[in-house]
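Asker: First to last, the sequence lines map onto chains G and X. Numbers 3 to 223, taken from the working numbering, label the letters of the first sequence in order. Numbers 276 to 521, taken from the working numbering, label the letters of the second sequence in order.
Keep in mind that the hints were calculated from the coordinates and are not lab data. We treat Cβ as the ideally placed atom computed from N, Cα and C, and that holds for glycine. Do not rely on the hints blindly, as some may be mistaken.
Stated by the list, open to error - Anything over 12 Å on all C-beta distances counts as not near chain X; from chain G, calculated:
| # | residue |
| --- | --- |
| 1 | SER7 |
| 2 | ASP23 |
| 3 | ALA34 |
| 4 | VAL94 |
| 5 | HIS123 |
| 6 | LEU163 |
| 7 | MET195 |
| 8 | ALA206 |
| 9 | ALA216 |
| 10 | GLU223 |
Stated by the list, open to error - Covered by chain X, according to a simulated footprint, are these stretches of chain G (three or more residues, beta-carbon under 8 Å):
| # | region |
| --- | --- |
| 11 | 70-84 |
| 12 | 167-178 |
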Amino acid sequence: MSVFSTVLARDLRLALRQSADSLTVVAFFAIATVLFPFGVGPETNVLARIAGGVLWVTALLAALLSLDRIFAVDFEDGTLDQLVLTGAPLPVVVLAKVCAHWLTTGVPLILVSPILAVTLHLPIAGYVPLVFALLLGTPTVSLVGAVGAALVLGTRRGGVLLSLLVLPLYIPVLIFGTAAVEAALIGRASTPMLSVLAGFMVLALTFSPWATAAALRQAVE
Amino acid sequence: MHRFANPTQFMRIANAIYPWAAGLSAILFLVGLPVALVTSPPDYQQGETVRIFYIHVSSAWMMMVVYSAMAGGSAAFLIWRHPMANLVAKASAPMGASFAALTLLTGMLWGQPMWGTFWVWDARLTSTLILFFLYLGYLALGDAFEDSERGDKAAAILALVGSVNLPIIHFSVEWWNTLHQPSIIKMTGFTVDGSILLPLFLMLGAFTSYYVAVLVLRLRSELLAAKIRNARMSQVAVNQAAQPAE
Chain G
3 MSVFSTVLAR
13 DLRLALRQSA
23 DSLTVVAFFA
33 IATVLFPFGV
43 GPETNVLARI
53 AGGVLWVTAL
63 LAALLSLDRI
73 FAVDFEDGTL
83 DQLVLTGAPL
93 PVVVLAKVCA
103 HWLTTGVPLI
113 LVSPILAVTL
123 HLPIAGYVPL
133 VFALLLGTPT
143 VSLVGAVGAA
153 LVLGTRRGGV
163 LLSLLVLPLY
173 IPVLIFGTAA
183 VEAALIGRAS
193 TPMLSVLAGF
203 MVLALTFSPW
213 ATAAALRQAV
223 E
Chain X
276 MHRFANPTQF
286 MRIANAIYPW
296 AAGLSAILFL
306 VGLPVALVTS
316 PPDYQQGETV
326 RIFYIHVSSA
336 WMMMVVYSAM
346 AGGSAAFLIW
356 RHPMANLVAK
366 ASAPMGASFA
376 ALTLLTGMLW
386 GQPMWGTFWV
396 WDARLTSTLI
406 LFFLYLGYLA
416 LGDAFEDSER
426 GDKAAAILAL
436 VGSVNLPIIH
446 FSVEWWNTLH
456 QPSIIKMTGF
466 TVDGSILLPL
476 FLMLGAFTSY
486 YVAVLVLRLR
496 SELLAAKIRN
506 ARMSQVAVNQ
516 AAQPAE
């Protein structure tokens, strides 16, 4: 447990000292969302119809852009080698770093999503499911993204490559995240979709730290 | 299992299989293609377009088989550090990607006359497209490192992550599809007649043996490339030892 809290505290402190990074991700989320009314036109009906999907897609892209922060800096300055050499259980270290990533990017994205939903005229019924779906879905996004981020350490063009590796794996989260919002809009319960999202999170929580740890081991070899 | 980690042992068996696979593939293509494309009767509903289906189903089958071979090879490589398993996975990937592309392409050509459109967001089409992207990701990641050994391991981990996700993606897409497009035309509507089965099995056999034969050829060339690389490096080492730097 102390390994977990130490790494988590360190990553959070670093993120707070460079809080501009988190803000940039939120700013990207906002600007990318704002592009859609220009693309599809400002009609309220059209925007309300696509709001849930647009917010989910842009949130995924924003999270994708922030993924390299999890390991890249530590990989370049050698901290990662030290972390592997300490003999601390690597999956626990990974889990702490993913937790820190989620707290510094996932949570800010969730907090601004209702405000952006207002600009897209999302009907009232959609807000609660949207926030809950993001709350259950973004941890999966961070966990699965960590595997990709660890795999591309030390590559040329890591960012573009990362999107090719990770975005196909995000499709299930996108499907059920958007469906939770849409179900609420047509007057159905969104709990089944939220349950599936929770299931994805548990699955990712079970497998991703080990896969990420394996990827990190081969990166620092 | 470990006996085949030795490339010489492994290639002895692979080379023994090669003429059989290549011959079988040649015969099945020579017999199967005319049967599938010319002499088999047109379908009572689909007409002549049913001929696309023989190529389409065979490449869809191969796209799955090759991904399983790739995931299995990657697992054996990561667990037992089995170098030949990694070569099998690496040599399979471009073929799998090509089969997936062929599946998508023939599917689109078939969809235009049958459904009136090249593309629908049908669950199978969407899953196939995603599988194609997984192949592309594997190939891109394997190529992205200066050190090819790192690329091998990273790509192997990715192949396993992909194989865990594949069922989840497939089930999600299927669910999404039924939610959004209830009762769209489904491919599983027609009963399969005996006249369709013969050319289909001929083509399935032809494609599978083609894959095995080309896999052996690709393994051979990979091993030769490694030998050439080693020979060049030892040549450089010899030259440097003979002429010490000033």
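Asker: Could you check that no beta carbon of chain X comes within 12 Å of the beta carbon of G:SER7?
Answerer: It holds; G:SER7 is separated from chain X by about 28 Å at its closest Cβ, greater than 12 Å.
Asker: Is the Cβ of G:ALA206 more than 12 Å away from each Cβ in chain X?
Answerer: 10 Å, violated
Asker: Three or more residues of the region 167-178 of chain G near chain X by CB distance under 8 Å?
Answerer: Holds: 8 residues of the region 167-178 of chain G have a Cβ under 8 Å from chain X.
Asker: If I take the minimum Cβ distance from G:HIS123 to any residue of chain X, is it greater than 12 Å?
Answerer: 21 Å, holds
Asker: Checking the smallest CB distance to chain X, is G:LEU163 really beyond 12 Å?
Answerer: 6 Å, violated
Asker: Count the residues of the region 70-84 of chain G with a beta-carbon closer than 8 Å to any beta-carbon of chain X: does the count reach three?
Answerer: violated (count 0)
Asker: For G:ALA216, is the shortest CB-to-CB distance to chain X above 12 Å, so the non-interface label stands?
Answerer: Non-interface label fails for G:ALA216: nearest chain X Cβ at 6 Å, not farther than 12 Å.
Asker: Since G:ASP23 was said not to touch the interface, does its Cβ keep a gap of more than 12 Å from each Cβ of chain X?
Answerer: 24 Å, holds
Asker: Taking the minimum C-beta separation from G:GLU223 to chain X, is that value above 12 Å?
Answerer: Its Cβ does come within 12 Å of chain X, the nearest being 8 Å, so this is violated.
Asker: Classify the label on G:VAL94 as holds or violated, using whether its beta-carbon is more than 12 Å from each beta-carbon of chain X.
Answerer: For G:VAL94, whose nearest Cβ neighbour in chain X is about 19 Å away, the distance exceeds 12 Å, so it holds.
Asker: Holds or violated: is the Cβ of G:MET195 farther than 12 Å from all Cβ atoms of chain X?
Answerer: 10 Å, violated
Asker: Per the stated criterion, does the least C-beta distance between G:ALA34 and chain X lie above 12 Å, as a non-interface residue requires?
Answerer: 21 Å, holds
Checked against the numbered hints given earlier, this structure breaks hints 6, 7, 8, 9, 10, 11; the rest are met.
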